[in-house]
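J.: The primary structure of each chain is shown beneath.
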Amino acid sequence: MVVLRADPWMPDYGMGFEVAADEPSGAVDPFVETEDWTTGRSGAPRAGALVFVDGVRRVELRVLATHGARRAAGLFGSYAVGSVWSNGEAHFGEPVLRRALVLGGALQAQPVVAGELEFEAECEPSTEPDAPLARLQTLMRAQEAELAKGIASGPHLLVLADGPLAYTFYDVPTVSPVVGVVKRSAREYLEPAQAELLATLALAQRTPVFAIGDENARERRYSWYVRIGRVGPGQHDRSALVRCEVRAGIGLDAAIDVAGRVAASLPVYAGRPWDARTPQNVVPIAALEQWLRHRMGDTRLVRRTLMELLAEAA
Amino acid sequence: MSERVGMVIGTEDATPLAFWVGVAPDAYLQLDDPVIVETDVPGKGIVRIAGIVEEVRARHEGAQFDSDVFLIERGVLPVETAVAAKVVATRFEPEIFVPPLPGLVARRARGADRDLALYFDQMTRRVPAGLSRDGEPVYLDLDFLDGTRGAHVNISGISGVATKTTYALFLLYALFHSEVLGLARANTKAIVFNVKGEDLLWLDRPNSKLPDNARADYARLGLPVGPFDSVALWAPPREGSSRAIPAVEGRADGVHAYYWSVKEFVRGRFLRFLFAESEDERSQIADLVARVESHLVRETHDDPDHDGTLLYRDPLLQEERKILSFDMLCELIQGKLEDEHSPWRGRLSDATVAAFQRRLESGRFYVRHLVWGRESEDPAAHRIDWDAQQITVIDIHNLHDRAKRFVTGVMIKKLFEHKERVGSRIPLHFLVLDELNRYAPRDGTSPIKEVLLDVAERGRSLGMILIGAEQTASEVERRVIANSAFRVVGRLDTAEATRSEYGFLPAVTRQRAGILKPGSMILQQPHIPVPLQIRFPFPSWATRAEEAAPPSADTVFERFRAPAKARR
Chain A
1 MVVLRADPWM PDYGMGFEVA ADEPSGAVDP FVETEDWTTG RSGAPRAGAL VFVDGVRRVE
61 LRVLATHGAR RAAGLFGSYA VGSVWSNGEA HFGEPVLRRA LVLGGALQAQ PVVAGELEFE
121 AECEPSTEPD APLARLQTLM RAQEAELAKG IASGPHLLVL ADGPLAYTFY DVPTVSPVVG
181 VVKRSAREYL EPAQAELLAT LALAQRTPVF AIGDENARER RYSWYVRIGR VGPGQHDRSA
241 LVRCEVRAGI GLDAAIDVAG RVAASLPVYA GRPWDARTPQ NVVPIAALEQ WLRHRMGDTR
301 LVRRTLMELL AEAA
Chain B
1 MSERVGMVIG TEDATPLAFW VGVAPDAYLQ LDDPVIVETD VPGKGIVRIA GIVEEVRARH
61 EGAQFDSDVF LIERGVLPVE TAVAAKVVAT RFEPEIFVPP LPGLVARRAR GADRDLALYF
121 DQMTRRVPAG LSRDGEPVYL DLDFLDGTRG AHVNISGISG VATKTTYALF LLYALFHSEV
181 LGLARANTKA IVFNVKGEDL LWLDRPNSKL PDNARADYAR LGLPVGPFDS VALWAPPREG
241 SSRAIPAVEG RADGVHAYYW SVKEFVRGRF LRFLFAESED ERSQIADLVA RVESHLVRET
301 HDDPDHDGTL LYRDPLLQEE RKILSFDMLC ELIQGKLEDE HSPWRGRLSD ATVAAFQRRL
361 ESGRFYVRHL VWGRESEDPA AHRIDWDAQQ ITVIDIHNLH DRAKRFVTGV MIKKLFEHKE
421 RVGSRIPLHF LVLDELNRYA PRDGTSPIKE VLLDVAERGR SLGMILIGAE QTASEVERRV
481 IANSAFRVVG RLDTAEATRS EYGFLPAVTR QRAGILKPGS MILQQPHIPV PLQIRFPFPS
541 WATRAEEAAP PSADTVFERF RAPAKARR
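Protein sequence lines, in the order shown, are assigned to chains A and B.
So the first sequence is numbered by this note's numbering: it starts at 1 and just counts up by one.
So the second sequence is numbered by this note's numbering: it starts at 1 and just counts up by one.
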């Protein structure tokens with residue numbers, strides 16, 4: 001008989017293309033920390049600030065670019081990245097706000113100044129209709145990584161970056177560890193024998209650390225799952241789980257240490273029950289995204305400014 | 001001078017009448033702070049908009065739910081705290097009614113800017129009226145008090161908490177002990193009725209319990225610290241005593257007993273104030289009172305043997321009798337009315353006459369000790385002379401209600417007639433009267449109410465200024481209140497504060513009126529479009545026997561103690 005269990009996320013979330021695309025692939029070694037996958041593990045929090053890093057992006061206006069006979073889709077987009085520092089009290093770090101004109105089909109774009117808005121030019125070789133959007137996402141992710149790295153150059157921090165680790169982290173050591181926190185794992189990394197543990201993890205417990213990617217590979221990383229919220233009645237047993245990862249370069253012992261700290265600290269920040277992506281969308285991230293969207297300005301005004309600009313140019 | 005405190009915000013509508021100022025994190029604005037914003041009007045130049053803070057709010061921006069505050073406290077949810085103050089505009093210079101634009105710098109008005117915001121720069125003669133909440137002096141415009149452009153003060157508030165009389169006296173103190181009255185100061189007089197306890201019988205003594213910080217308050221207001229300079233204290237004589245000894249408990253010296261002679265009673269037509277119940281005026285009794293008064297005036301003559309008594313001569317019967325006492329006067333009236341054919345009765349019905357007689361009998365009992373005949377040795381010495389000293393306190397607190405009405409009615413009428421006769425506004429006469437609702441009630445008419453209405457409506461030109469007080473303005477004759485240039489409100493009952501009489505108070509201020517502390521008042525004056533909360537300094541004159549006690553006893557002991565300590 002087929003058993004049905006509810007997913008607590010709102011239906012609009014969790015099935016985006018970016019989720020699967022960003023997640024690393026490669027051989028999985030579940031036994032780097034231990035061979036015992038029967039019980040969950042706990043950790044202890046440590047002094048020092050937790051820094052959450054995240055970004056948001058928005059398409060302001062889609063355009064169709066023509067150059068002679070060539071045509072390609074493009075867009076005016078905005079993206080912003082920022083941080084939340086939490087150490088007894090929470091505050092926002094300095095945000096970065098950028099805007100870009102992305103043109104597909106390898107059409108050369110020029111930077112655009114519309115009123116007080118400055119759009120950098122980005123050239124995207126692909127002609128796929130969604131390619132400019134994917135490029136905007138990449139730009140945002142790169143900016144996130146940049147910010148996270150800058151923050152992680154300070155000591156005694158634990159930097160929690162939203163989403164899988166960006167490739168720029170793979171071989172760059174940082175003073176404080178940077179942890180990628182994946183709200184929803186689309187890939188299945190564990191064999192059924194180990195995956196059984198996921199269903200039984202209690203609140204603030206984690207799985208043993210496992211490795212993704214070949215040994216000595218540049219993109220190899222250590223990963224683990226943490227349960228940051230309780231599973232509600234009728235919900236499936238993978239709800240309230242996040243997957244975390246750190247670059248393997250920090251060493252296994254350090255990775256295990258970080259895994260324990262994250263398992264102990266993160267549940268405190270679990271998203272509120274009414275959040276559309278509860279509980280994985282942790283409170284600081286939700287607040288940061290709202291705050292950053294606000295910083296990007298009113299999309300109606302941005303759009304109007306661009307429309308006026310294009311009308312004048314026509 | 002004025003320091004930057006924030007900016008006009010654009011998330012709330014800015015209008016010419018009210019706008020919100022975002023308060024900078026390193027600054028603050030509190031209720032009643034004066035604020036000034038300069039806005040550039042195309043083609044007109046800079047317009048200075050001044051206003052008063054009416055409301056201040058603080059909120060977490062980014063928090064959506066009430067429970068978020070707990071997450072914020074634990075450092076889970078990052079938010080920003082925003083403080084904004086609502087400013088009610090009081091003045092535009094020049095008068096172009098535009099809203100200040102969002103993003104403009106708002107400053108806390110100090111010095112000349114503050115004078116502009118509160119119109120103090122337009123007051124040529126300023127009377128210290130108290131201190132604002134930030135400790136700066138607040139003034140009222142003498143032009144609106146002395147009859148030049150307006151007159152009268154009305155004070156409302158709950159008894160005991162609102163300190164209405166104390167504030168009235170503070171105003172008098174400020175008038176009499178500052179230079180604002182100029183040359184007219186010495187001749188300006190005030191009559192104060194003492195209606196509660198013996199509180200006002202110590203005005204001429206310094207307050208030994210004056211806290212030190214109150215001295216600074218007086219200094220800031222430019223006032224000396226001390227008692228009233230020139231005070232006359234009057235109390236009714238003890239009942240049943242053949243000598244005029246003032247009926248006061250706490251004070252043995254310096255209080256004079258007051259009474260009127262039978263002659264004054266008749267000639268001054270005081271009889272009507274024995275019939276001062278409000279319902280009397282509606283009935284025909286008032287007609288009868290007037291008839292009796294004029295018969296008495298016409299048919300009595302000076303007694304050659306005594307200055308305070310009269311001879312009665314009946315025009316028809318040619319009988320002559322001496323009226324040697326108030327009782328004899330009452331008996332004469334009763335006798336005249338008993339006679340069915342007496343011209344005193346006129347065509348009034350038996351029922352009216354009977355009602356008159358009943359009231360005279362009961363009233364006479366309560367005022368008997370206030371009207372003296374042959375037993376009076378020196379009537380002039382016991383006649384209240386309001387011009388002898390600057391402040392004349394008339395104690396009525398122990399009198400029966402009818403006697404209170406009699407005394408106040410007689411005094412106000414006499415003063416009013418005096419002012420009418422003199423015919424000049426200057427020197428001013430102030431009249432402080434608490435419990436206005438008793439003397440000038442909203443419903444009905446009475447002789448006192450008539451006189452008070454005269455004062456309210458004509459006192460301005462006659463230089464007779466009423467400082468009236470009551471618990472509830474809603475129970476006082478509208479015209480008395482409407483003629484007051486200054487409205488002062490102390491602690492108000494919340495239900496009372498919603499009445500239309502307090503329509504000049506904005507909603508926020510009404511709420512504040514319910515939590516005012518003693519010593520705090522809300523002052524509305526013609527110049528300033530919003531009422532201001534003020535506090536006035538602790539009285540530097542004694543208000544109780546304990547405060548009047550000479551402090552020397554303590555200091556004497558201190559002198560003994562100091563060397564004792566040194567020896568040890």
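It is possible that some hints are incorrect.
One-sided excerpt, in silico: chain B residues whose CB lies under 10 Å from chain A [claimed, not checked]:
(1) E54
(2) V69
(3) L77
(4) E80
(5) N213
(6) A216
(7) A219
(8) L223
(9) H369
Just so you know, these hints were derived from the structure itself, not from any lab.
Just so it is clear, CB atoms sit at the ideal spot from N, CA and C, and this is done for glycine as well.
J.: Give a verdict on every hint.
T.: Structure-based check of each hint:
Hint on B:E54 is violated. Least Cβ distance to chain A is approximately 29 Å, over the 10 Å limit. Look at B:V69: its Cβ only gets to about 12 Å from chain A, farther than 10 Å, so that hint breaks. Satisfaction of the interface hint for B:L77 is found here, the shortest Cβ-Cβ separation to chain A being roughly 5 Å, below the 10 Å cut-off. With 10 Å as the threshold, the beta carbon of B:E80 comes within range of chain A, its nearest partner Cβ sitting at about 8 Å, so the hint holds.
Taking 10 Å as the C-beta contact cut-off toward chain A, the hint placing B:N213 at the interface is violated, the least distance being around 37 Å. The closest approach between the C-beta of B:A216 and any C-beta of chain A is roughly 40 Å, which is over the 10 Å cut-off, so the hint fails. Hint on B:A219 is violated. Least Cβ distance to chain A is approximately 44 Å, over the 10 Å limit. With a least beta-carbon distance of about 49 Å to chain A, the hint placing B:L223 at the interface is violated under the 10 Å criterion.
For B:H369, the shortest C-beta to C-beta distance to chain A is roughly 75 Å, which exceeds 10 Å, and the interface hint is violated.
This entry does not satisfy hints 1, 2, 5, 6, 7, 8 and 9, going by the numbered hints stated previously.
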